Amino acid sequence: MALFSTTMQRTLGTGAASKIVGSLTCAASNPKRIILFELEFGSEDTPANAAILWQIARCSTAGTAGSNPTPAALDNADPIAATTVVGQAHSSAPTAVSNSTLLSLPLNQQASFRWVAKDGREFKQSATASNGFTVATPTISSGTPLGTCTAMFDEP
Amino acid sequence: MNPKAKTIRDPHGYAVIVTSAGKPIEFDTLTCNHCDRLLFVSHDTWGFCHGCNNPICQGCYEGLEQTGCIPWQKRLDLEEQRDRLLSNL
Numbered sequence: 001m002a003l004f005s006t007t008m009q010r011t012l013g014t015g016a017a018s019k020i021v022g023s024l025t026c027a028a029s030n031p032k033r034i035i036l037f038e039l040e041f042g043s044e045d046t047p048a049n050a051a052i053l054w055q056i057a058r059c060s061t062a063g064t065a066g067s068n069p070t071p072a073a074l075d076n077a078d079p080i081a082a083t084t085v086v087g088q089a090h091s092s093a094p095t096a097v098s099n100s101t102l103l104s105l106p107l108n109q110q111a112s113f114r115w116v117a118k119d120g121r122e123f124k125q126s127a128t129a130s131n132g133f134t135v136a137t138p139t140i141s142s143g144t145p146l147g148t149c150t151a152m153f154d155e156p
Numbered sequence: 001m002n003p004k005a006k007t008i009r010d011p012h013g014y015a016v017i018v019t020s021a022g023k024p025i026e027f028d029t030l031t032c033n034h035c036d037r038l039l040f041v042s043h044d045t046w047g048f049c050h051g052c053n054n055p056i057c058q059g060c061y062e063g064l065e066q067t068g069c070i071p072w073q074k075r076l077d078l079e080e081q082r083d084r085l086l087s088n089l
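Order-wise, the sequence lines are chains A and B.
Number 101 in this note's numbering belongs to position 101 of the first sequence; there are no gaps in the numbering.
Number 82 in this note's numbering belongs to position 82 of the second sequence; there are no gaps in the numbering.
The following block holds chain A by itself, in its conformation from the complex (with noise of 0.2 angstroms):
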């Protein structure tokens, strides 16, 4: 059992690529299970009145992502690697799947979230090959600022 969190940083936009802020991934190969277990995201860019909305849903493909940031390890004793394949700013969206948005959270661009889940009830994802979680801004009421996305996750 390996802790391991990760950034996904984007410019957000509303198109079909350019609302995936980051997705996280199983491998292609030798695929792990994915428990999400704390997520913060928000706005970093200069104050500005605007009104985001945040989901976080599942996806069956990883997509093209324009860049994937090494996952840390918690535990910076532990050797394992993580498995898990981190994409953020895409170019070609992971394949969504349908009916499968697990929150779905208007905020204003000033404000920011944290989750944390229990022991137990954490986002599950099965170690099926390139399948996981993607994090998108599908509507934004005004402007591109830039946005993060802090994931936590543990592979079992």
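Keep in mind that the hints were calculated from the coordinates and are not lab data.
Since the structure is predicted, the reported quantities are computational estimates derived from the model, not experimental observations.
Treat the hints with caution; some may be incorrect.
Not the full set, but computed from the structure, chain B residues with beta-carbon under 10 angstroms of chain A [as the list claims (entries may be wrong)]:
1) T31
2) Q66
3) I70
4) R75
5) D83
For lysine-lysine, the following BS3-like pairs were computed, each having C-alpha atoms within a straight-line distance of at most 25 angstroms [stated by the list, open to error]:
6) A:K118 with B:K6
7) A:K118 with B:K23
8) A:K118 with A:K32
9) B:K23 with B:K6
10) B:K23 with A:K32
11) B:K6 with A:K32
Coverage of chain A stretches by chain B, computed from C-beta distances (three or more under 8 angstroms per stretch; other residues unrestricted) [as the list claims (entries may be wrong)]:
12) 80-93
13) 123-133
By construction, the Cβ of each residue, glycine as well, lies at the ideal position given by its N, Cα and C atoms.
We have chain A already, so just place chain B on it with the hints.
Just chain B now, with coordinates in the frame of chain A:
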């Protein structure tokens, strides 16, 4: 479920929104035992499944008669089993 409840005895999680004025607003959360959806205790409507004895979201509650009780943990196991079978073919 008490529609006016703001907190519950055994929440499944904790959420906080820090507003633009710097004021934190805290929530107890639940996780639907059938689909893993996040529910805010004070804002969302949810039901209870007597098959798995756990809270479930409104969507899963309304579809309970058709789908029956299939907890998300069981769905994960079935999905992985199917994936292993397909990869062995």
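Hint by hint, here is what the structure shows:
no.	hint	result
1	T31	4 angstroms, holds
2	Q66	14 angstroms, violated
3	I70	13 angstroms, violated
4	R75	8 angstroms, holds
5	D83	5 angstroms, holds
6	A:K118 with B:K6	18 angstroms, holds
7	A:K118 with B:K23	24 angstroms, holds
8	A:K118 with A:K32	21 angstroms, holds
9	B:K23 with B:K6	18 angstroms, holds
10	B:K23 with A:K32	39 angstroms, violated
11	B:K6 with A:K32	36 angstroms, violated
12	80-93	violated (count 0)
13	123-133	holds (count 7)
Hint compliance for this structure: hints 2, 3, 10, 11 and 12 are broken, all remaining hints hold.
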